[in-house]
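Visitor: In the order they appear, the protein sequences are chains Z and S.
Per this note's numbering, residue 10 is the first one in the first sequence, and the count goes up by one each step.
Per this note's numbering, residue 15 is the first one in the second sequence, and the count goes up by one each step.
Source of the hints: derived by calculation from the structure; they are not laboratory data.
Every residue, glycine too, gets a C-beta built ideally from N, C-alpha and C.
Mixed in with the good hints there might be a few duds.
[Said to hold, decoys possible] Only some residues are given here: those of chain S computed to face chain Z with a beta carbon under 10 Å: (1) D92; (2) A120; (3) I126; (4) G135; (5) P138.
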Amino acid sequence: MKSILILFGSLLLFTHNHGYKVGDLATDFSLPNIDGEMVSLSDYDHAKGFIVIFTCNTCPYSIAYEDRIVALDKKYTPLGYPVIAINPNDPAAQNSEELSDMKQRAEDKGFSFPYLQDKGQKVYPKFGATRTPHVFVLEKQDKGNVVQYIGAIDDSSRNPGKVKHYYVEDAVGALLADQLPKVSTTKAIGCSIKTL
Amino acid sequence: MRSCQIVFFLIFCVCSNAQDIASLNYLGVKPLLHQKKQNKTYVVNFWATWCAPCIKELPYFEALNQQHDVDVLLVSLDFPRHKESRLLPFIQKHNIQSKVVLLDDADENYWINDIDSQWSGALPATLIYTTKKRAFFEQSFTKEDLFTLAESFKP
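Start from the sequences, fold in the hints, and give me the full structure.
Guide: Written out as structure tokens, the structure is:
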């Protein structure tokens with residue numbers, strides 16, 4: 010009985026969700042980009058906010074969203090909300106997730122945004138990302154970068170033709186109109202983040 | 015004619031051995047997550063053929079399904095367009111005996127929460143329930159942990 014209790018306890022601990030909630034301030038980071046430069050949110054003087062997307066090279070759900078992520082960046086960078094993609098997977102735990110693989114993928118798919126490696130896997134737990142893809146929309150305010158939306162890109166990962174709700178577009182659109190997103194958290198199927 | 019009959023017979027044999035996999039929307043899957051036989055432990059694993067940690071633990075679920083008081087259901091989240099090209103060949107190659115269904119429903123934000131509010135949507139994930147107890151686990155299992163956990167649900 011005792012061992013079962015311990016097992017349950019450890020499972021609860023394991024599944025408990027840490028990380029940012031809507032309204033929290035996101036801590037800045039400094040992570041290597043595929044071009045070798047380090048990137049931080051503070052580098053973006055003129056941004057009004059950010060579309061931070063935890064994604065990777067290998068997850069089919071991430072791959073299914075690549076074109077939609079490129080489209081988000083093309084649409085919202087000029088409006089002040091650039092996409093910042095972060096790969097949370099440890100290359101030691103998952104093949105084809107090295108910085109060189111990321112660079113290749115970004116070239117193949119024409120990524121127009123930074124694609125950062127969460128070296129040491131320190132940043133994704135702070136955000137509370139649990140899967141790829143997993144989006145955090147941040148709004149830059151005087152006090153810092155406020156988390157305003159957490160969740161999915163839209164409501165149809167497996168079939169872009171069946172999208173009814175464009176969650177990230179709706180959230181950023183609301184923020185650009187000085188309103189809070191009507192829907193601030195959503196869920197979607199994704200791949201677990203791979204660590205050792 | 016006779017060779018035709020033999021061919022037909024062979025085709026029939028092959029087909030009847032292979033599992034028939036239903037593509038269901040969430041309304042179709044939901045009753046399978048709320049079955050009510052007494053003295054039965056229901057184990058529902060959410061997986062996909064492309065998910066490496068899912069494939070690793072699949073044999074443990076197959077082994078668990080051998081127990082007469084455990085009923086394992088494997089809910090695939092493969093892309094619907096890959097049903098014929100990837101899912102069915104995988105089931106055949108690995109001779110999967112547990113019941114498999116393909117959940118084909120776009121409104122993930124609704125049904126992920128309806129299955130369990132604690133589930134973020136990451137795979138693999140597992141629901142274990144009886145008529146008296148219910149719990150959800152967003153994680154991978156070792157064989158030992160899975161068997162110990164399933165045992166703890168039995169009356």
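Visitor: Hint validation: S/P138 versus chain Z, beta carbon distance must be below 10 Å. Holds or violated?
Guide: This interface hint holds because 7 Å falls under the 10 Å limit.
Visitor: Taking the closest Cβ pair, is S/I126 under 10 Å from chain Z?
Guide: holds, 4 Å
Visitor: Close enough to count: is the Cβ of S/A120 nearer than 10 Å to one in chain Z?
Guide: With Cβ-Cβ at 4 Å, under 10 Å, it holds.
Visitor: Return the status of the interface hint for S/D92: holds when the least beta-carbon distance to chain Z is below 10 Å, violated otherwise.
Guide: holds, 9 Å
Visitor: For the hint on S/G135, does the least C-beta distance to chain Z fall short of 10 Å?
Guide: Hint holds; S/G135 Cβ to chain Z Cβ min 5 Å, cut 10 Å.
Of the numbered hints given earlier, the model fails none.
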